[in-house]
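Chemist: Residue numbers (the working numbering), protein chains in the order written: chain A, 229 to 537; chain B, 229 to 537; chain C, -2 to 273; chain D, -2 to 273.
Don't take each hint at face value.
[Stated by the list, open to error] With a cut-off of at most 16 Å between alpha-carbon atoms, the simulated EDC-like pairs for lysine to aspartate or glutamate come out as follows:
#1 A/K284 to C/D102
#2 B/K284 to D/E254
#3 B/K406 to A/E374
#4 D/K204 to D/E254
[Said to hold, decoys possible] Sample of chain A residues lacking proximity to chain B, with all beta carbon distances greater than 10 Å (derived):
#5 V425
#6 G427
#7 I430
#8 E484
#9 E521
The set of hints was computed from the structure by calculation and includes no laboratory data.
Note that the structure is a prediction, hence the values are computed from the model and not measured.
From the three backbone atoms N, C-alpha and C, an ideal C-beta is built for every residue, glycine too.
Below, each chain spelled out in residue letters.
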Amino acid sequence: MEIKSRLEIDFAGIKLKNPILVSSGTFGCGREYAELIDLNRLGGIITKSITEKPHKGNPPPRLAEVSGGLLNAIGLENEGIDNFLREKLPFLRQFKTSIIVNIAGFTEDEYVRLTARLNQAEGIAALEVNLSCPNVKKGGINFGSEPEILKRLVKRIRASTKLPLLIKLSPNVGDIVKFAGIAAEAGADGLSLINTVLGLSIDVNSFKPKLANVTGGLSGPAIRPIALRMIWDVYKRIKLPILGSGGIMRTEDALEFFIAGARAVAIGTANFVNPRASLEIIQGIKKYLDKHEFKSIKEIIGKLKVNSR
Amino acid sequence: MEIKSRLEIDFAGIKLKNPILVSSGTFGCGREYAELIDLNRLGGIITKSITEKPHKGNPPPRLAEVSGGLLNAIGLENEGIDNFLREKLPFLRQFKTSIIVNIAGFTEDEYVRLTARLNQAEGIAALEVNLSCPNVKKGGINFGSEPEILKRLVKRIRASTKLPLLIKLSPNVGDIVKFAGIAAEAGADGLSLINTVLGLSIDVNSFKPKLANVTGGLSGPAIRPIALRMIWDVYKRIKLPILGSGGIMRTEDALEFFIAGARAVAIGTANFVNPRASLEIIQGIKKYLDKHEFKSIKEIIGKLKVNSR
Amino acid sequence: MPSSPDNIIQIKAKILSHKKIAPGYFLLKLDAPAIAKLSLPGQFVHLRVLDSDIPLLRRPFSLHRINPDSIELLYQLKGEGTRILSERKKDEMVDLIGPLGNGFDLTDIPEGKNIVLIGGGIGTAPLVTLTEGLLKRYDRAKLTFFLGARSQELILGEGEIRHSGIDCLISTDDGSYGEKGPVTRLFEKKLTDWKGKPGMVFTCGPKGMLKVMGSLSRRFKFPCQVSLEENMGCGIGVCLGCAVRIRTNQGRDESFEYKRVCKDGPVFWASEVIFD
Amino acid sequence: MPSSPDNIIQIKAKILSHKKIAPGYFLLKLDAPAIAKLSLPGQFVHLRVLDSDIPLLRRPFSLHRINPDSIELLYQLKGEGTRILSERKKDEMVDLIGPLGNGFDLTDIPEGKNIVLIGGGIGTAPLVTLTEGLLKRYDRAKLTFFLGARSQELILGEGEIRHSGIDCLISTDDGSYGEKGPVTRLFEKKLTDWKGKPGMVFTCGPKGMLKVMGSLSRRFKFPCQVSLEENMGCGIGVCLGCAVRIRTNQGRDESFEYKRVCKDGPVFWASEVIFD
Ligand SMILES: Cc1cc2nc3c(=O)[nH]c(=O)nc-3n(C[C@H](O)[C@H](O)[C@H](O)COP(=O)(O)OP(=O)(O)OC[C@H]3O[C@@H](n4cnc5c(N)ncnc54)[C@H](O)[C@@H]3O)c2cc1C
Ligand SMILES: Cc1cc2nc3c(=O)[nH]c(=O)nc-3n(C[C@H](O)[C@H](O)[C@H](O)COP(=O)(O)OP(=O)(O)OC[C@H]3O[C@@H](n4cnc5c(N)ncnc54)[C@H](O)[C@@H]3O)c2cc1C
Ligand SMILES: Cc1cc2nc3c(=O)[nH]c(=O)nc-3n(C[C@H](O)[C@H](O)[C@H](O)COP(=O)(O)O)c2cc1C
Ligand SMILES: Cc1cc2nc3c(=O)[nH]c(=O)nc-3n(C[C@H](O)[C@H](O)[C@H](O)COP(=O)(O)O)c2cc1C
Ligand code: FES
Ligand code: FES
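In isolation and in its complexed conformation, chain A is listed as follows:
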């Protein structure tokens, strides 16, 4: 079909029917949104981060709304890999969409073990490695912002799977290109940019932070320009496909990400605001391609004009 093929794209070794995915942690494992939208129409579904053991997560309140954004500190609550393989994955497999499993670990070994388990499973298009959850601090290690750890960990995960490997980087670093470069060298197939930005919000009457975890991760429109800047910087220098996210609410926002260099995009917080956002964006992009007479979404990727004046 003509329309379909214009959105088809291969991304880091995954054949995506369209480049609009839904972000980890904002879509659960699909079941709930399946009531509201047709999951078959999505380019892909990225699962909530899965850990080895079930994990309770942070005390409430876990969410706070801020100007144009959402602060969250869920703390990786999930039911663990066993439950995922037993209940979640079989459900997801029913749909004609690419399933990307997001994994998170509290130790390097845990990442490797999770990878090994997922190697066995069927119906997984790729792994997304969450190295950057800002809301869980085990001994203060943030795998995504220590160059040495990042390198070693990505290498180890790479060595333990043939699945396409997307590395989700933390935006809470000084030089994102450096970290992207490390992930590339260590064998990543693609980069996920960006995770949430560390933030804080305070109730001035109670003097309490609005989140029990004190700080949380900022998502939504507020971080869009930050995400775009990082994606553009990485796109220029690192030869890996980028899965862009951060505040995409509507078609125009998604287009900005493609033009900045994203090869696919993920819709996160927007799902909460409008469960149909991802489907509307797919439609919107088709219209845009029509209007501008582009034959494929590929024609706009990274096409930011920077020397035109």
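Given chain A, put chains B, C and D with the ligands in place with the hints provided.
Modeler: Using the frame of chain A, we list chains B, C and D with the ligands on its own:
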């Protein structure tokens, strides 16, 4: 007067009549806003960044509005120190408010020479050193995000002036506490947190960046949670007074900054939206102190409750 | 508790009427037959107050009335979201997701015992439509409705409750109407007056009040359902943002698990909730 | 150019009337005597469309009419800001700063020569109040108003201009009314018809049109004032966000300086502007 003294505070060796200042680059050198508000009521005025020579700045467009924020790439346009001392400073000196001169240089020597010039001048309460302008790249050096350069530069400026020295740090770093610590050790009297966050916005019809400079600095409500998080992190670990800024639009926002650890705050983008914002915030804080029966603003500084659950 | 029905929809609903019914309280009637048809008392809708990035998130509101073709929400002005909502006019459209959550459990109420509803402030909102449901099955003489609020003009729904012939007991914090003091104290007084323990208590209101109800329900061993509130992201169970602590191990120790207010609730057994 | 007067004020102005006058065009009348009194043709106001963080910034609009007690703005729907503005209702208040900018220069117009006004699309907005000013000093027979737009229904102000007895020449891009083609081409044609060069040309419109006017004014050596637009932050001259390139050295070389549209403009000599 009772009311007055509740807002009086000494900040890094400056006696502020109240802790509400206006930010560098958002208030020019006071002349224009003097038409609209009484500058005598401000806690302080921080001048636009002054360089040694007049500087033309970036090509237009220099501004783009984004969701809850403003991207700017002015590029340090200013008329240079001579003009400043001759025309701007004498005007500012008329007002009963603390004048803080913000300096920016393209070389380390330039910072030192600027400092020397300002030592001679009268009516300056303090210097704020802009090490973090994200929109000017001379050989790619960003003085504020290279630990070694930061240390050396702050030491050199410190050695060349007795004026209170505020170091304005870049938020575009991984570990703001590290940079704050370096500035503290090198002799800063106070820290200004935060400058704008690097961002990008794209016109999806022309494929051009919305700013001629491509990227720019994000200010306004969008960055408030980021600023608060950085201020809280620095407040906990570094014993220097913090001048907080980043998206303060109204009284509640300013209060969040105080509770997170700012000893004074600066109003930036809000001046454009509502020139009376700073005055309204001063009034609003008085009311808040009344309502909560605080005797001084000092009672709320850094009083975020983090272990209360 | 029953689990949340899977059948939820997203619609644009026309505002049929929108009026201020007390200082800071509004009644919003929406043309939403499809949602009305699916709805149960105690469920809620997730409403987008405006198609804008600010406020970003939807706002949850309990079903105050479930009519054949419409639903009604009773809400209180709180912050920016409800302020903006209050400015929306008749005939404008609002985006709704619903019905959400489990709703009250009406399956296990022992015959012949008292059934009690306790609404504190805006907490009365979900109880009104519940009353209608209860009246279909139980003798009105068995129902007692406790209404509490800060002061007289904030007592909501009294006329309607009395009209349906249910005993209505009132208390206000400032004593401007009914008993003076918290509504839980009034309830506790009656509790000792009554011969038997209530067969079921349904309650909704501010956290402090629900906490007291939790203690009372454990102390006097009566079953009590509370409708909880927590900040929400998705409203449908995916983001895990609306967690509350629910006792496990029958409350015998400190152990708990997190449950989702939006999906596992909003109605929980008061005795099982760990209030902070 | 004259420099901007210092006298500016910030007020809350009541909306006296607000109506759609063409597809996508609105006329907003504001109760603003204090601003009206200070205003000059070519100046603008900086208006906050809503007291919200989105849209964050004010929006600049030229004074379309300066009445004794009120001002009128003529604006075109463009993005979110103007959309939200268009929903504001009579009797609501909007926050205004003004009058801002220098305004047109009326001091140096040679007697007896033609005076030309050229408005492209919404660019007509600031020229209407200018006409009124010019008519006080100059013979109406000397004035010619060129109006251009995409198509007939977007031609603004024709009735009024003709009513005041000024010659009005029209062109539309699609030829649905008047000449077909850009208004600058119509002007250029007339320019060669006229005996002398115009004593003064005032123009406002899209960038492309102003650029053409810049070339024409240099080629045919007539004085031409353009009202420019640029994204604005403060609107009063402090942020340096609204920079435009203005030739220095009498345009003899490529040298230029940045000037502020809000404070040094919005009106500049067309020949001096470097259009991208
Ligand atoms: C299941 C459920 C049912 C509810 N039913 C009703 C009802 O029938 N009538 C009514 O008046 N209110 C009800 N509420 C509370 C209502 O959702 C909040 O008052 C409203 O979200 C406040 O929004 P705001 O922007 O005005 O306030 P703000 O305080 O500015 O809101 C800031 C953020 O906090 C959230 N928030 C603030 N208070 C609450 C709260 N109590 N519960 C959940 N989120 C909150 C908002 O949704 C928003 O994301 C219900 C809440 C829940 C969870
Ligand atoms: C001195 C001056 C006078 C003006 N007079 C009028 C007038 O009388 N009538 C009228 O319809 N329009 C006028 N404009 C243009 C008007 O300001 C913009 O159309 C308006 O700001 C668009 O806002 P938006 O949110 O609808 O569009 P968006 O495109 O969503 O705006 C995004 C951002 O870009 C800015 N922007 C977009 N277009 C322009 C523009 N052309 N000029 C300046 N900023 C822009 C907006 O202010 C906003 O910050 C004038 C502009 C200037 C500078
Ligand atoms: C409530 C919430 C939970 C999230 N959980 C995860 C998670 O478990 N793993 C992960 O890699 N990212 C998680 N994220 C980050 C998102 O996947 C996404 O990267 C981020 O929110 C930015 O995109 P957005 O602005 O479109 O939401 C979460 C985000 C939100 C808002
Ligand atoms: C238009 C504009 C110009 C600025 N120019 C300067 C500058 O010259 N020097 C400087 O140190 N900071 C400059 N800043 C940064 C502000 O001083 C302030 O740190 C930042 O905007 C965050 O605060 P806000 O969100 O309240 O605006 C500028 C900001 C804006 C919006
Ligand atoms: S609000 Fe998302 S799980 Fe409850
Ligand atoms: S808009 Fe700020 S200087 Fe012109």
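Chemist: Now tell me if each hint is right for this structure.
Modeler: Cross-check of the supplied hints:
no.: 1; hint: A/K284 to C/D102; result: violated (27 Å)
no.: 2; hint: B/K284 to D/E254; result: holds (7 Å)
no.: 3; hint: B/K406 to A/E374; result: holds (14 Å)
no.: 4; hint: D/K204 to D/E254; result: violated (19 Å)
no.: 5; hint: V425; result: violated (6 Å)
no.: 6; hint: G427; result: violated (3 Å)
no.: 7; hint: I430; result: violated (4 Å)
no.: 8; hint: E484; result: violated (4 Å)
no.: 9; hint: E521; result: holds (13 Å)
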